[in-house]
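Student: In case you want the letters, here they are:
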Amino acid sequence: MTVLAPDAAVEREARFRAFVAEHREQAVSTAWRMLGGDRATAEDVAQDAFVRAYRALDSFRDDARLSTWFYRILVRTVQNRRRWFAIRRRWQGLFTDEAATEDPHATMMRRDVGLQRRIGEALDSLSAGQREVFVLVYLEGFTLTEAAEVLGKAPGTLKSHLHRALKSMRAQLADLRLGEADDPEGGA
Amino acid sequence: MRDDDLRPEGPPPADRAFLDAVRDAYRPEPTNAAAFDRALRQRLAGGARRSIFAWGGGLALAATAAAALVIGLRATDPPPAQQPAPEGAPTVGLNDVVAALDLDEALDVEADDALAVGEEDAAEDGPAEADVFLALTVLDEAPEDDVDFADETLPDDYLALGDLLDVTL
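Protein chains in written order, with numbering that gives the first Met the number 0: chain Y, 0 to 187; chain D, 0 to 168.
Same shape as in the complex, but just chain Y:
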C-alpha cells in the first residue's frame, strides 16, 4: 500500500471532493433515468461509482479521463442492477404469484404517475444500447464522442441506436404530443 505524504493526501482529498461536487448531480440523474426513476438505487449506484473513482484516483492524472472512466463504471453498475431486477423478477415468478410480488422496480413504477411513468415505460422498452445512449446524449447532454468513449462503442453504432431510440420514443409517446404548444399533459 502506498502511503501518501500529508500534502499529497490533502491534495488527493481536495481533488476527490471537487470531482464529486462536479459530477454528483449528473451521476445520480444519469443512473435515475437509466434505472427508470428509482431514487434510492440511483444514489446507491452513483455512490458505488464514486467509491471506485476514489480508489482509482491516482491512476488518472487527467480529470477528463477519470470522468469518462467514472461514467463507464456508472453505466456498468446500472446494467448490473437491471440484470438483477430481471433475475429477481424471474426468480420470484417461478414460485410466487408475480402480481403479488413486491419487486422494487415494479414498486417504483407504481409510485410514479402520469408523464414520468409513461416516459419511464417507454425508456424501459428500448434495448439496453438504445436506452443508454438516449439517456447519455439526449437527456444528459453528452456528445456522441463522449458517449462512445463511455459506452465503448463506435459513434456510428450509437448514432444508429439514437435514431431508433428516438423513433421508438416518439411513437410510444405520440398521444401525449410532447413539445407541442397545446401539450395536454406537459405539467403532469
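Careful: at least some of the hints might be erroneous.
Straight-line C-alpha distance at most 25 Å; calculated SDA-like pairs for lysine to any residue [as the list claims (entries may be wrong)]:
{"id": "1", "chain 1": "Y", "residue 1": "K158", "chain 2": "D", "residue 2": "A16"}
{"id": "2", "chain 1": "Y", "residue 1": "K166", "chain 2": "D", "residue 2": "A24"}
{"id": "3", "chain 1": "Y", "residue 1": "K166", "chain 2": "D", "residue 2": "Q41"}
{"id": "4", "chain 1": "Y", "residue 1": "K158", "chain 2": "D", "residue 2": "G45"}
{"id": "5", "chain 1": "Y", "residue 1": "K152", "chain 2": "D", "residue 2": "P10"}
{"id": "6", "chain 1": "Y", "residue 1": "K158", "chain 2": "D", "residue 2": "P10"}
{"id": "7", "chain 1": "Y", "residue 1": "K158", "chain 2": "D", "residue 2": "P11"}
{"id": "8", "chain 1": "Y", "residue 1": "K166", "chain 2": "D", "residue 2": "A32"}
{"id": "9", "chain 1": "Y", "residue 1": "K166", "chain 2": "D", "residue 2": "R22"}
{"id": "10", "chain 1": "Y", "residue 1": "K166", "chain 2": "D", "residue 2": "A16"}
{"id": "11", "chain 1": "Y", "residue 1": "K158", "chain 2": "D", "residue 2": "D23"}
{"id": "12", "chain 1": "Y", "residue 1": "K158", "chain 2": "D", "residue 2": "D19"}
{"id": "13", "chain 1": "Y", "residue 1": "K166", "chain 2": "D", "residue 2": "R26"}
{"id": "14", "chain 1": "Y", "residue 1": "K166", "chain 2": "D", "residue 2": "D14"}
{"id": "15", "chain 1": "Y", "residue 1": "K166", "chain 2": "D", "residue 2": "P12"}
{"id": "16", "chain 1": "Y", "residue 1": "K158", "chain 2": "D", "residue 2": "R22"}
{"id": "17", "chain 1": "Y", "residue 1": "K158", "chain 2": "D", "residue 2": "Q41"}
For the record, the hints were derived by calculation from the structure and aren't laboratory data.
Assemble the complex: chain Y is given as a structure, and chain D must be docked to it using the hints.
Tutor: For chain D alone, coordinates are given in the frame of chain Y:
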C-alpha cells in the same frame, strides 16, 4: 461513415421540442448534497457501506438457485454434472439458462468487461457475487450449442460455472 456525418450531434430540429419536454419531465429531484456526501464518506470509511446491490448476497444466492432450478428441472436423476454423462443424455443449454433467467441483456456485455467488473466485485463483496459474474461472463461467451457441464475438456470457465450450479444443487 465519414466523421463529418456525425455532426451536428444534436437532435434534428423537429425533435428538439419533444426531447426538451422529455428531459424536463423526466428528471429526478435535486440531490441532497450534504446527505449524499455524508453517506459517501461513510461508505469510503467502510463503516456503513452498503452492498453493491440492495439485496446483496441473498439475491446472488437466489439467482444462482434459479439457475440451478433450471438445471434441476431438466436434469436426469442424479444431475448430469455430478457424474459423467452417459452418451445421449440430455444436456442443459446455456441458452436455456439465459432464456429462463431473462438474461438477454447480459449478452450485451463484453466478456472482458464483465470479468473485470466481477473481479472488482470479488475483492469488495466476497465470492458469491463473483460467481454470478463468472456465470454472466460465461453466458456472454456462450455458443449456440448446448453444453454438457460434465465434460471435463471444457474450458475452465465453463467447468467453474458447472461447479457453481452443481454445488447449489
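Student: Hint by hint, which ones does the structure fall short of?
Tutor: Failing hints, ascending: 3, 4, 8 and 17.
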